[in-house]
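A.B. asks: For chain A, the structure is supplied; the task is to place chain B on it using the hints.
Just so you know, the protein sequences line up as chains A and B, in that order.
Going by this note's numbering, 254 is the number at position 254 of the first sequence; the sequence numbering is gapless.
Converting from the second sequence to this note's numbering requires adding 1000 to each position, the first position being numbered 1.
Mixed in with the good hints, there may be bad ones.
Stated by the list, open to error - Straight-line Cα separation of at most 20 Å, EDC-like style, residue types lysine to aspartate or glutamate; simulated pairs:
#1 Lys1433(B) x Asp24(A)
#2 Lys433(A) x Asp364(A)
#3 Lys433(A) x Asp254(A)
#4 Lys433(A) x Glu275(A)
#5 Lys1433(B) x Asp1364(B)
#6 Lys433(A) x Asp1024(B)
As the list claims (entries may be wrong) - Some residues of chain B that are not near chain A, with every Cβ distance over 10 Å (derived):
#7 Val1104
#8 Glu1109
#9 Asp1117
#10 Met1404
#11 Leu1407
#12 Gly1435
Because the hints were derived from the structure by calculation, they are not lab data.
Beta carbons are placed, not taken as given, at the ideal position from N, Cα and C, and that holds for glycine.
2 protein chains.
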Amino acid sequence: MAETDDQTLTDAQDDPIEEDVELDQPRLRQIREAVEAGDGETLAHLLEPLHGADVADLLEQLDDGPRRRLIALWPHGIDGEILSELDESLREEVLAALPPEDVVEAVRELDTDDVVDLIENLEDASQAGVILDALEAVDRVAVEQALGFPEYSAGRLMQREVVIAPSFWTVGQAINHLRGADDLPEQFYHVILVDPRMRPVGYVTLGKILSSARETPLAEIEEESFRTFYATDPESEVAYAFNQYHLISAAVVDADDRLLGVITIDDAMAVLDEEAEEDILRLAGVDSEGSLSDRVLGTVRRRFPWLAVNLLTAILASVVISQFEGVITEIVALAVLMPIVASMGGNAGTQSLTVAVRALATRDLTGANVWRVIRREVLAGGINGVAFAVIMAVVGLLWFGSPMLGLVIAVAMVINLVVAGLAGVGIPVILQKIGVDPALASGAFVTTVTDVVGFFAFLGLAALWLL
Amino acid sequence: MAETDDQTLTDAQDDPIEEDVELDQPRLRQIREAVEAGDGETLAHLLEPLHGADVADLLEQLDDGPRRRLIALWPHGIDGEILSELDESLREEVLAALPPEDVVEAVRELDTDDVVDLIENLEDASQAGVILDALEAVDRVAVEQALGFPEYSAGRLMQREVVIAPSFWTVGQAINHLRGADDLPEQFYHVILVDPRMRPVGYVTLGKILSSARETPLAEIEEESFRTFYATDPESEVAYAFNQYHLISAAVVDADDRLLGVITIDDAMAVLDEEAEEDILRLAGVDSEGSLSDRVLGTVRRRFPWLAVNLLTAILASVVISQFEGVITEIVALAVLMPIVASMGGNAGTQSLTVAVRALATRDLTGANVWRVIRREVLAGGINGVAFAVIMAVVGLLWFGSPMLGLVIAVAMVINLVVAGLAGVGIPVILQKIGVDPALASGAFVTTVTDVVGFFAFLGLAALWLL
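Isolated chain A, as found in the complex:
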């Protein structure tokens, strides 16, 4: 971030450039000190220049005690921006701590889409009520209508503040209209062209409007690519389209194709971000609802199910091993070496799995190339399998001086890495086909397969060749 002297220069023009202040360690320390000292004045002086997103991060990072003290020491400080940036797990607590009049004021600043985002996950219905009552009638209707759409739908994501123009207008008419308008949204990049029945027929970028002569018809300068979404479309589809087609904003329509609102790139990108996040966490078996501000028990509850699934798969593997107790007592070296084959398979499988899950999420893995990808993963598994088979054969030979043992682990390694490649791609693809999120469930299946196959191949071959 460039701390330029332009900025002092703009300060002179009383541009509140302090917005550019960031939440760095020294400031963080000063804030903590001010909170401990109960020095509200210093605290306000330290917090005011911060961006709402940074204040929200700060509140999330503080322990419960200091957080409560900070809120108490900073009356009327928490505004709408901070609330909408705040992690869901903390919103209720903070809302509860605020005097109603502050909540009212805070909420009125927000665009309808932010209000929807703010209240859609409040468990405490009374809080949602307070917020709805705080809104002006027209906004309340808009918010309530948005809440009527399914969760994670375009209807929840869109903002109602739209800038429209009849498709037959000229640039001049549009500019005059905009100059007259008093209820323009915070940010807007396009004017949506509508037909007499309020159906969007195209859009014009503000850049084009500004760079065209007043008499130019809007229809003449409208963008080529124009995409609309139904309010009921899943937000994931919206996010994909924004990312794929580099959309800046898109119109949302009802079942009759009438304009309901607009979705802007920042909202779409937030969804894209959440989905990548969700994939990362789910692949590791962490409930994606979790957050860093969770309490211990919440964390325990979130982690337990996946660990329970893993316990079952581990016990399954143990059952496989127990079938070979005889061989193991004969040759204890097997017990020493057997985790290697399973663990290599598990890692190779996870590699293929992760690539496949992401490719499915970004729609790069489709019916068109699924077989090529499976072939590739299996081949790659086989080749790496051979490489590590040779290495392990040598290790087994040197370590336990038994060529046959080396052969056993080598063959088992090849088998398991081929299976890993096959399962790594095949399982997520199948789950996707039957409508289960591959990121959520694949991991358990793949490691089960590689564990079972790994132990069975290694111990089974040992039983055949070494006894």
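C.D. replies: Chain B in isolation, oriented as in the chain A frame:
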């Protein structure tokens, strides 16, 4: 995506609304058929309406043969947009397949930042040369200057096409200037205000310009929050700021704070997307340079190093086991049960690790809360550990009828899950401190710790209590 009849309506106004056509299965099949039939006319008819990003995906999904045939059958079809959407691993091949004049035409359509992105990773220098020569002198200078900045820097990300105005101008002057300008960028959302020395001092959104009276001074309607980046700032920093502060575009300046270019939200979000992608893949031990269109050998090479690391850790675990060969030959049940403790630890560790790595990436995990998070993960590990300890004690008892064996596995379970929580957060935090990407290396360390501790605790306690 809403297929509204507005669109037929706008078709009537010869708006090439076919852009809204998507690459669905039927169309994909028709395209494959046309390629096989060598029917260039049908092929062109099928491809032209598609968005460049979809054509790029199509090329990525086709096998080598069909892809070459398609390019041959569709002369002059590949444009700049398709090239810049194309996966890096295919760009060289496609560029090589195109007649030079097509490359020239394609490249000229692109903004400088897209050209930079297009050529910065070309291994074949001659191709880069062809592209640079294709550019008009001024663009070539811009691209070459951008390439002078370090990879993954703001300088590489920015586009040179900027819209500026002296900070003392009025809305009217700005509009007149824009109407006169002939070299405006494809997309722009802001006018950047500069001082006489070309240093950015603020910016005005087009929305504000359009909705203000002509005589309004631009300085009066400039945005409150204004952020600039140095061309040498890492792109990750830029992406973070865009996401954190909901920026739409930001100015990039040189060491003397003079305006060099502008970064827009879509570029910043692409970076954010890549970084999440990178984390996902690295956590699974997949080289993030990889892509779905890689060949088998590329994949093998990319997967090998991580598997090699994992082999070392697996062998380390085996060494630990080998210390207890005596106990295992005495009680073969240990060999049966020992993978359970290690595997549970590995999974719990991966959960904590993933949460920590993401929290570090999104800067939610800082010095301010690191101890609270570690405390939470360790406690959560301990509590889950006790829960699964009880379960496994029962399983061990029922399965092998030995209460002591149940006790051994129970205690080992608690120990390993506590260690998993500690290592899962501690290791990435330490790696971050010493400047190693936590996503890249943490996994190997954490599973090594949980494997070694798991086997050692289980077999060690068994040696103490069961013999």
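A.B. asks: Out of the numbered hints, which ones does the structure contradict?
C.D. replies: 3
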